[in-house]
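Colleague: Starting from the known structure of chain A, fit chain B onto it as the hints suggest.
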Amino acid sequence: MKQHDLKEPHYTPDATESTSQSSDVIPGPGYPAIELVGVSYGYGKDLPVIDDISLSIPQGQWVTLVGANGCGKSTLVKLMNALLSKGEGSIMVKGKELQSDTIGDIRKAIGMVFQNPDNQFIGATVEEDIVFGLEGQCLSIEVMEERVNSYAEKLGITELLDKHPSELSGGQKQRVAIASILSMEPEIVIFDEASSMLDERTRNDLLNILSDMHKSGRYTIISITHDAQEIAASERVLVLHEGKLIADRTPTDLFQDEKILEMSHLIAPFAFQLTTALHRYGVDISIPNCEKELTEALWPLHSIK
Amino acid sequence: MAITFNQVSYEYDANSMWSQAALQGVNLHLESGILAGVAGATGSGKSTLLQMFNGILKPTSGTVQVLDITLKGGEKAPKLHQLRKRVGLVFQFPEQQLFEDTVEKDLCFGPINFGYSLEEAKDRARRAMEQMGLDLSLLSRNPFQLSGGQMRKVAIASVLTMDPEILVLDEPTATLDPVSRAELIQLLHRLCREDGRTVIIVTHRMDELLPFANQWIVLHEGLTVFQGTVKALIEQADRMESYGITIPQSIRYWRSLSEKFGWSEEDPCLSAEAMSKRIAHLVNSEDV
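Protein chains in written order, with the numbering used here: chain A, 1 to 305; chain B, 1001 to 1288.
Hints in this document: simulated from the structure, not taken from any laboratory. Source: prediction; values computed, not measured. A few of these clues could be false.
[Stated by the list, open to error] With a straight-line Cα cutoff of 30 Å, these simulated BS3-like cross-link-like pairs (lysine-lysine) come out: (1) A:K244 - A:K259; (2) B:K1277 - A:K259; (3) A:K154 - A:K94; (4) B:K1277 - A:K292; (5) A:K163 - A:K108; (6) A:K108 - A:K215; (7) A:K292 - B:K1085; (8) B:K1085 - B:K1105; (9) B:K1072 - B:K1085; (10) A:K292 - B:K1231; (11) B:K1076 - B:K1122; (12) B:K1079 - B:K1058.
[What the hints assert, rightly or not] Derived contacts from chain B toward chain A, CB cut-off under 8 Å, selection only: (13) V1179; (14) Q1249; (15) S1250; (16) A1272; (17) M1275.
Yeah, the Cβ is synthetic: ideal placement off N, Cα and C, and Gly gets one too.
One chain only, chain B, in its complex shape:
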């Protein structure tokens, strides 16, 4: 089990009279090596949850277990150095954190800080570039002269240089154009599928993640109101609207089709390609 939350609550300014609960009794189980999507309206606690995954925020009460490290509310936290290395966090608009004058220096900053030699750091930088599908010739470029999509990928690569077992991203595709968005999601999917990393993505756009995510978590006002597979999510789609979540078109179409043609036991086909193949099968199989 990569991550387990047991009755986790978090309050901002916990000891003052202005304390504000951001998470209230969250339960969560995420296996290693999956790709999970986290959805929820603005203010539902997504960003708070995310910052608990590598101990930036510690639970006010309850137990957070990430890999083999346990954080208990009200107790002194263990040393978090290892956890920070093993869980990579990518915040919103990560390109705003770029600061060096070359891409390579920017990528080496993390590894060197964690005590690696310059050689090792450069090696890790190159590997991370490849993982994000970036050309190595960009290493000597100034990061601020790259396109928006490239900057975003470099920023994510800078987290990958630490070779984290768990990668958590807060709206990684925001403001990118649709083609760059799809490309980035595919790269992240590959990090999960080929390298066996656990990838957790917070998103406002469920549709782009639907064909790839094995697990979904839906937050509403600091509570996990849903955790499960896409199939389970589809069954409960009606509830999602009340949590301020827009039901993706692909789910609407699949639901309607499966009700009409009795496909509800099947694995959902949510990409246009998969869905049309299923429809073609329906229409053509009865040709004969």
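Isolated chain A (complex conformation):
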């Protein structure tokens, strides 16, 4: 994919406002898919990895979770589907409180894609690998076949179904991992640094998959990433620092806050960097969406005098 198709992220400045709903709303589009209230977690007694986090993510939202290494991002998402047993606070998924009798349902509702797809393969062929998850859901053979074929087609891996996972390239492996997860039809999909092993082009492919998933409206997406393009494409960014939620913003707002960027080890896209530097030199322009907008904004400043 070419750069210019991507340079206009769909910023939705009002994304955060829609999240402050009360928990008794009737399920429908926009109802909270995930709600955390006062969630804390520690591996040792005095080391809180997650420190009193409350947040609500409405159904269908595309959320990015950022923060420096070791800030608790992976721990937080693993708490959501009980891959780590709960510490303090309450976790609600699709209106259901996470406790021992609801874990089964909640895990069905949440799919996770990890950084290194190699760690996720078990089948001897791509097809077997996808089927493994479906067998776990006790589906009939007809349904399984239908799912394998339709999700393989959606992710463009139909011709890979008979291959051994080791024959695939990094980008293909990540597609297979995503197909395996989506075929189980989860409503919430969590990507834990799923793009960090990928090269530029396959990273764009993944971004397109995420965008398509988001547009379909079927999925609530939570993605842990450092990638500026991926962050820019999402609707909302949650920033973790030393186990605490320190910011909840739109990507546009995040990229203009140098302090938060530094704390979370992020670098803003070039247009933001340039605008921030220009402000320091007393040239006051708004963030350009492309190079043309910049020259057009500068032209009057230059030619009036």
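Modeller: Leaving out everything else, chain B in the frame of chain A:
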């Protein structure tokens, strides 16, 4: 001249009917002491090219000259021991090559293999740590307990222990977070600027190398389709897209600015800081 390629071709399985050309008639000239970026889409021959720099792969035809050693296609190669010592190669994900139980042992492995004493090897290990900006207290640590960025730097340090004149790296910043990436590129730039080493970096992300590289090489389907300065690269940016290369934002912005304001003769300002300074100069100078 550090490296000269003259009509170099390379075929995998050259003598079988399944031979596959990876490089076809590559010409290349790199001066000593520069920092060069190598770009190209997946499968363009970047990794093949890289492995010719220290004789891991020998040309099927053509001449490769690295430092004072010449490799000719079809001829028996000279002894490559010296070349391997003088050209350090860092592969992708070099941290996967770490294997010892302390950082120090890992760093000493190369020098000892090349015949240095343990004392000398330890001395070289310390120097290499400093060059990569790593704290010496890490020497006694288990390399597998370091963070991803630290492991990457230790792995690069293990190549630096041989004090190579030419350092070649295959996507050294892949999978690191943006801040660690910028830091690593600056360290590599320092190896070039302060120690006078020739540094060649293969990258998928041209933007992070743009402010530092003096020379760019672009490969496409086994051919060098571009070699030159950043300025020349900017002039030909339109062609790059057809080679599967993403034009960095900073080049797009600079091109647009220089066309509009007539800066095309100037040295390009490609960092946000330099570009905004140039813009401020434009806006403010006409204030008076």
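Colleague: Confirm or reject each hint.
Modeller: So, going through the hints one by one against the coordinates:
The suggested pairing of K244 (chain A) with K259 (chain A) holds, with an alpha-carbon distance near 16 Å, which does not exceed 30 Å. Straight-line distance between C-alpha atoms of K1277 (chain B) and K259 (chain A) comes to about 22 Å, which keeps the hinted pair within the 30 Å bound. The hinted pair formed by K154 (chain A) and K94 (chain A) meets the criterion: a straight-line CA distance of about 26 Å does not exceed 30 Å. With a C-alpha separation of about 19 Å, the suggested pair K1277 (chain B) and K292 (chain A) falls inside the 30 Å cut-off, and the hint holds.
A distance of roughly 27 Å separates the Cα atoms of K163 (chain A) and K108 (chain A); the hinted pair therefore holds under the 30 Å criterion. At roughly 22 Å between alpha-carbon atoms, K108 (chain A) and K215 (chain A) fall within 30 Å of each other, so this suggested pair holds. Annotation: proposed proximity of K292 (chain A) to K1085 (chain B) is violated, straight-line Cα distance about 49 Å (limit 30 Å). In summary, the hint linking K1085 (chain B) to K1105 (chain B) is supported, as the alpha carbons are separated by about 19 Å, within the 30 Å threshold.
Restraint check: the Cα-Cα separation between K1072 (chain B) and K1085 (chain B) comes to about 20 Å, which is no more than 30 Å; the hinted pair holds. The hinted pair formed by K292 (chain A) and K1231 (chain B) meets the criterion: a straight-line CA distance of about 20 Å does not exceed 30 Å. Of the pairs offered as hints, the one joining K1076 (chain B) and K1122 (chain B) is violated, with about 36 Å between alpha carbons and a cut-off of 30 Å exceeded. Annotation: proposed proximity of K1079 (chain B) to K1058 (chain B) holds, straight-line Cα distance about 12 Å (limit 30 Å).
Here the hint on V1179 (chain B) is kept, as its CB sits about 4 Å from the closest CB of chain A, short of 8 Å. Evaluation of the Q1249 (chain B) hint against chain A yields a held restraint, the C-beta minimum of about 4 Å falling below 8 Å. A cut of 8 Å between beta carbons decides the hint on S1250 (chain B): the least distance to chain A is about 5 Å, and the hint holds. The interface hint given for A1272 (chain B) is met, as the beta carbon of that residue sits about 4 Å from the closest beta carbon of chain A, less than 8 Å.
Hint status for M1275 (chain B): holds, given a least beta-carbon distance of 6 Å to chain A, under 8 Å.
Hints 7 and 11 from the list above are not met by this structure, while the remaining hints are.
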